[in-house]
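Colleague: With these hints in hand, go ahead and build the complete structure from the sequences.
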Amino acid sequence: MNATASRRPLLEVNDLKKHFPIRAGLFSGITGYVYAVDGVSFAIARGETLSLVGESGCGKSTVGRTVLRLLEPTAGQVLLDGVRIDHLSPSRLRPLRRRMQVVFQDPFSSLNPRLKVRDILAEPITNFGLARSRSDLDDRIADLLDKVRLPRDAMNRFPHEFSGGQRQRIGIARALAPGADLIVCDEAVSALDVSVKAQIVNLLSDLQRELHLSLLFISHDLAIVEHLTHRVAVMYLGKIVEIAEKRTLFSAPKHPYTEALLSAVPVPDPTVRRNRIILSGDVPSPIRPPPGCRFHTRCPRAFDRCRVEEPVLKAVGPGHVVACHLHDLPAPAHAA
Amino acid sequence: MSQNTAVAAAPAAVELFAEEPQRGHIRTFLRRHPSIVLGGTILALMVAIALLAPYLWTTDPQALAPRLRVRPPSAEFWFGTDMLGRDIYSRVLYGTRVSLIVGFSVAILASLAGLAIGLISGFIRLADGIIMRVMDGLMSIPPILLAIALMAATRGSVENVIIAITIAEIPRVSRLVRGVVLSLREQPFVEAAIAAGTTTRRIIIRHILPNTLAPLTVQATYICASAMITEAILSFIGAGTPPIIPSWGNIMAEGRALWQVAPYIVFFPAVFLSLTVLSVNLLGDGLRDALDPRMAKRL
Chain G
1 MNATASRRPL LEVNDLKKHF PIRAGLFSGI TGYVYAVDGV SFAIARGETL SLVGESGCGK
61 STVGRTVLRL LEPTAGQVLL DGVRIDHLSP SRLRPLRRRM QVVFQDPFSS LNPRLKVRDI
121 LAEPITNFGL ARSRSDLDDR IADLLDKVRL PRDAMNRFPH EFSGGQRQRI GIARALAPGA
181 DLIVCDEAVS ALDVSVKAQI VNLLSDLQRE LHLSLLFISH DLAIVEHLTH RVAVMYLGKI
241 VEIAEKRTLF SAPKHPYTEA LLSAVPVPDP TVRRNRIILS GDVPSPIRPP PGCRFHTRCP
301 RAFDRCRVEE PVLKAVGPGH VVACHLHDLP APAHAA
Chain W
1001 MSQNTAVAAA PAAVELFAEE PQRGHIRTFL RRHPSIVLGG TILALMVAIA LLAPYLWTTD
1061 PQALAPRLRV RPPSAEFWFG TDMLGRDIYS RVLYGTRVSL IVGFSVAILA SLAGLAIGLI
1121 SGFIRLADGI IMRVMDGLMS IPPILLAIAL MAATRGSVEN VIIAITIAEI PRVSRLVRGV
1181 VLSLREQPFV EAAIAAGTTT RRIIIRHILP NTLAPLTVQA TYICASAMIT EAILSFIGAG
1241 TPPIIPSWGN IMAEGRALWQ VAPYIVFFPA VFLSLTVLSV NLLGDGLRDA LDPRMAKRL
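Residue numbers (my numbering), protein chains in the order written: chain G, 1 to 336; chain W, 1001 to 1299.
Since the hints were derived computationally from the structure, they do not count as laboratory data. What you are looking at is a predicted structure, and each value in this text was computed from that prediction instead of being measured.
Cβ-to-Cβ under 8 Å is the rule here; a few derived chain G residues that face chain W:
{"#": "1", "residue": "Leu68"}
{"#": "2", "residue": "Arg94"}
{"#": "3", "residue": "Arg97"}
{"#": "4", "residue": "Arg98"}
{"#": "5", "residue": "Val102"}
{"#": "6", "residue": "Leu111"}
{"#": "7", "residue": "Asn112"}
{"#": "8", "residue": "Phe128"}
{"#": "9", "residue": "Pro178"}
Glycine included, every Cβ here is placed at the ideal spot set by N, Cα and C.
Modeller: Quick look at the structure:
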């Protein structure tokens, strides 16, 4: 591997947009759009975890699905290892799918109830023609079960014979099966109870280290994110408002929304007194996002400029970008 | 150990198809679903009657005996005779064949056609709009009227009865399959299969089709029951099975005029029809409960 290839990010997303058309009836045309994802850019290096956090409905899952081409992007670029995959035809894309896999939130609906674990895990392997023989396939499946710490005899059983945590392990094994470089974890631990959640998070970070995986970890749970991520991207209403290294983001957040999110994370120490930032109101509708900064309707520190001019992501430190006029003050001073 | 209890408690959605045919399993399964046992037994009896009709002390169901008209049930004529002196017992037993053939054929044909149509409209957006509007149109006509209209356009024969009722039943099956397909398409396991590089064809065969079979099987039993009733109605009004083939519907039609003098002519085919329809419906209810454990617990 040459130097440029190793420095190139594994996944690069440039100005990704996904707008869902709204149709009122059968014959009437499109009456509007849901701007679920509206210009999102980020990159993930090899072996890195990027967490995408935000409230429900902010478009973080849509980003994951669009990157995986489970949804067709409206605009923007998705580059996997330098190759654009956003416009490839399904047949040209299929071989590249081997390199990016997905783990879903619900461990029950993410496994076909009529297939044995063996068949579930064999599917990606045979799809990409990775097994040389039947015994090679069996070896690979046994190896996958070892990796996710499930007994090997699990392969002859059906998904409904397992608990939620075990099923999530099967889902992870399926994502590992084709030897993917990038795994999108779409709220992968949100449906599990606390003790199981911890096990799965530890399993994911162990696997990442062992296999040098890149993870796009989509979550609303900052406590979990803090535990396993390298960098964090905060999303609000279809846009990324801040990206930073984990330590920077958790200790010195710049965007008011990030500050509010962090202040909502429970701290397991009753003696700690904190200033909770309580946001008023609901997330505005992504059908008619507010003009200017999308957060200005709820932002405690909004001023006039926020209502008219949309902030862009600007660097405020090494690897730290924020889209907020508060950190862009010199510019209006100059203009004035 | 905890895994074993999880096995027992887990929703056994695939029980009917997935379980190994072990003795203990079958016994508990039957005990848990008495309506399957009852319905299945009656239906099996009806199938046996249809197959063995010539050997069950019957005579030629078409043999006329003008001197023995309208005889009440007796040791010689178990169910009596009709106005042409034909043995009603033999006619009713042979009539089982028509009902079952029509019921089963319509259930199978309508399920297959509905499956194909439902899959197409569930997967091809453009076709969906057109197909479903056609199905809405068909559904706006009561199935019996549609079947009568179709029979009026053709010659009366068992095959035409089957075709007419099948066409009348297809819209409901298509709707069901389409709905199931649309909900399955959004399931994460289908998305995971797409991400794992599975082709659309294999997704349909491996992931969609097997998961439509349970609701389709249940629907097929209801279609079977309703097809048998529709066949009897068509024959009763003279638009169905031709008179030379005895069917429950036309036996009742012939007995209608003599209803006050000889009620047994109508009574026996009616009992057989009711029993058969009841058995199929019981089987359907039982299957629905067995295939959908959440439903079973609520009832």
